[in-house]
Amino acid sequence: MRIVHYLNQFFGGLGGEERAGTPLEVREGALGPGKLLEQLLGGDAKVVTTLICGDNHAVENQDAMVADAIEKVRQAEADLFVAGPCFQAGRYGMAAGALCSAVQSKLSIPVITGMADENPGADLYREFLYIVDSGTNAARMREVFMTMANLARKMMSKTPIGSPKEEGYLTRGLIRDQFVEKTAGERLVDMVLAKVKGELFESEMVPTAFAPVPMPPSIKDLTKAKIMLITDGGLVPKGNPDKIQGSVATRWGSYSIDGCDDLKGEDYEISHGGYDPQFVHQDPDRLVPLDVMRQLEKEGVIGELYDEFLSTSGLANPLSNTRRMGREMAAKAKQLGIDAIILTST
Amino acid sequence: MQLTLAIHPISEIRFDSKTYLNGATLCVSKEELRRLVLEDSSFEGVDFEIARPGESLRAGPVFDIVEPRAKEPGGSPDWPGILGAPETAGVGTTHVLQGAGVTLLREQSTGDSRGAVGYVLEMSGAPAENCPYASLNHLITIPHTPPGLPEHSRQRAYRVAQLKIAVYLARAALDATPARTEILDLAGANGEDRAGLPRVAYVGQIFSRQRKPQLDEPILYGTDTDGMLPVVLHPNEWLDGAVAPSYHCSLGGAETYFYQNHPVIMELYRRHQTKELNFAGTVATIASANNFDRERNCHFAANLVKWALKADAAILTKFGGGVPHTDLSETARLLEAMGIRTTVQVTDLARDRRVESALLFNFPEVNAIICIGGNSTSWKVPRVERVIAANSGLAEVLAGPFELESLNAVGVANQQGASRLRAMVY
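Chains as they are written, first to last, in the numbering used here: chain A, 1 to 346; chain B, 1 to 426.
Chain A with its partners taken away, still in its complex shape (with noise of 0.2 Å):
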């Protein structure tokens, strides 16, 4: 088993702060805690190259660095890349988590590394891999080592790898399923109990807390304002011209209502599945509301009613896909300088 283990510049023995703008240096063999590792993965398990590299180097030119350090690992045909562990050193991490990532997607073998749970190279990460917990003591370091070596060894072997708390890996935010013995009818009943009777249980998911997002400051003379209208109700032009999914959609659309004071049902049709269309067929305005904003823009209430709605679905659609286009049509609002959306869902 041929390793590359990449270590910043204090565990690499360069030295401490003063080091850290050095540049990336390759080792013959393993270094420092390199030599536990190997000793922990047994077998022939060899640190071949031990890659080492400033903190703040690594963060200052992450992206020159990162393709470095993926060609050195490809010279030394590694099996295994072993970054830290970095408990809580910060930029450490960040370096150590990018460095995985890519070496995991250009190179397709496992890569294994180590934080402690608040180091924000964690939070940045965690999907991506497998990041032990390593706390935050780095007098841990045999033990942290070991979890990394079963790890580490479970993906060489392609052995299913358990929960977090099993394998001692921070959470990845990921789901999976399971069948398990009991019905969830029983395991609701077992739950409350235990609830109720004020004994541990274990929630089988956990909501997400999101920071907010700041308000905008309002629009000072609303008679100048350019408004925007945006839906997420998936109504398209009949045909769907750009085949806007009716659930977990990934793509949404611009049509024109260039000239028109009302959308008539047999121009559009619906690409959405969670809701009743039939009201919507008879008169798209109920979803995307043309004709009141075109009254208002008569009356000067509004200064502009942009000629263009922006619609997708919204249904059964994860963040991850309404995250982006909710940044491409702001993109897009601001390119056109939009001062108001109106964005109407179902």
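Honestly, the hints are just simulated from the structure, not real lab data.
Example chain B residues on the side facing chain A (calculated, C-beta under 8 Å, incomplete): (1) Asn130; (2) Val264; (3) Arg271; (4) Leu277; (5) Asp312; (6) Val323; (7) Arg341; (8) Val346; (9) Arg354; (10) Val355; (11) Phe361; (12) Asn362; (13) Gly374; (14) Ser376; (15) Gly417; (16) Ala423.
With a cut-off of at most 16 Å between alpha-carbon atoms, the simulated EDC-like pairs for lysine to aspartate or glutamate come out as follows: (17) A:Lys226 - A:Asp307; (18) B:Lys275 - A:Asp190; (19) A:Lys195 - B:Glu336.
On the chain A side, residues computed to face chain B include the following (Cβ under 7 Å): (20) Ser163; (21) Arg172; (22) Gly173; (23) Thr183; (24) Gly185; (25) Arg187; (26) Met191; (27) Ser203; (28) Met205; (29) Val248; (30) Tyr275; (31) Asp276; (32) Leu319; (33) Ser320.
Backbone N, C-alpha and C fix where the C-beta goes; we use that ideal spot for every residue, glycine too.
Assemble the complex: chain A is given as a structure, and chain B must be docked to it using the hints.
Just chain B, lined up with the frame of chain A:
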């Protein structure tokens, strides 16, 4: 209010010239059933097939699965509001042909989020290993209705015919001695010896107003739930014909079979009988189409649980897709604010397999969540020896091999609590 289930185990279904019960073999006359079904002029014809556990067989798209059950005279009517007078369900003796199912197929795929295959009954292979329906003997019923028939008439015809067949078959057991009886009764729930036990209620959605019900769609005692406010039901009413599933469900589905064998209600009854809890009762409710309706319904349901059922805890399940999550979590939030501890069952919404996509609510107090997975489970199903479908077009779609998603395998990701699938966070 006492319901007695007289259980007759069925290990085989066979066609014969008459319908009768021979030990654990149910003998079925196609002719008798045909005459029964064709009483309704909506049908041009009907065919029957038998599906046995372990067979290399696939049937679909499934409209519904019903357990053959029939009421002994002197108790509630069979399917009050649909087949019989709308009197209270859940009283008297119900004969059950356990191990059998009447499974009716659709003539068209619904073409919605379940796609062309709709709900599929798979009798062998990996999907069958975790499917409660794969161990039943099915009388597959294939309807033939004229293409011009309005959809609401067709679906009502399906619903009524299927229930008629299920009752007719179980009537063969009325004079037979059951293998065992089960008595479902909440008597003694307020007894002194039970005073310290937590009172647990069940709140089940039976319809989602994301859609309007079809004309004459029978859901609760034969009504379509339009305009309905949440109601208190005795647990026996769910089990004994008060509730039928809407023609349209989504995600992992809901079938009459699991109203008759309601996983949450049966488990609460079991633990009531072992004196671990007091089964306080149930509320049937609906998911709403707009926020005003939602607030009204959620408050109403929560009040029934608190003041009518006097519960300490409640289990909540939903009917339908994503919008019902909102009613589910809002009702739970209100209950928690009233001091009632809740557990909710959610279905898998995370099409991208990320935890951030899994839930449509984030209330710290609604923290006891059962999550049925489904989005990361599918099977490459093979060509099978027998495909049962209403026409050759559907038979071709179902022939295989194709990728069968667990949400399409009827029963696997069931929304009524029968699912053994669980979403694991890693």
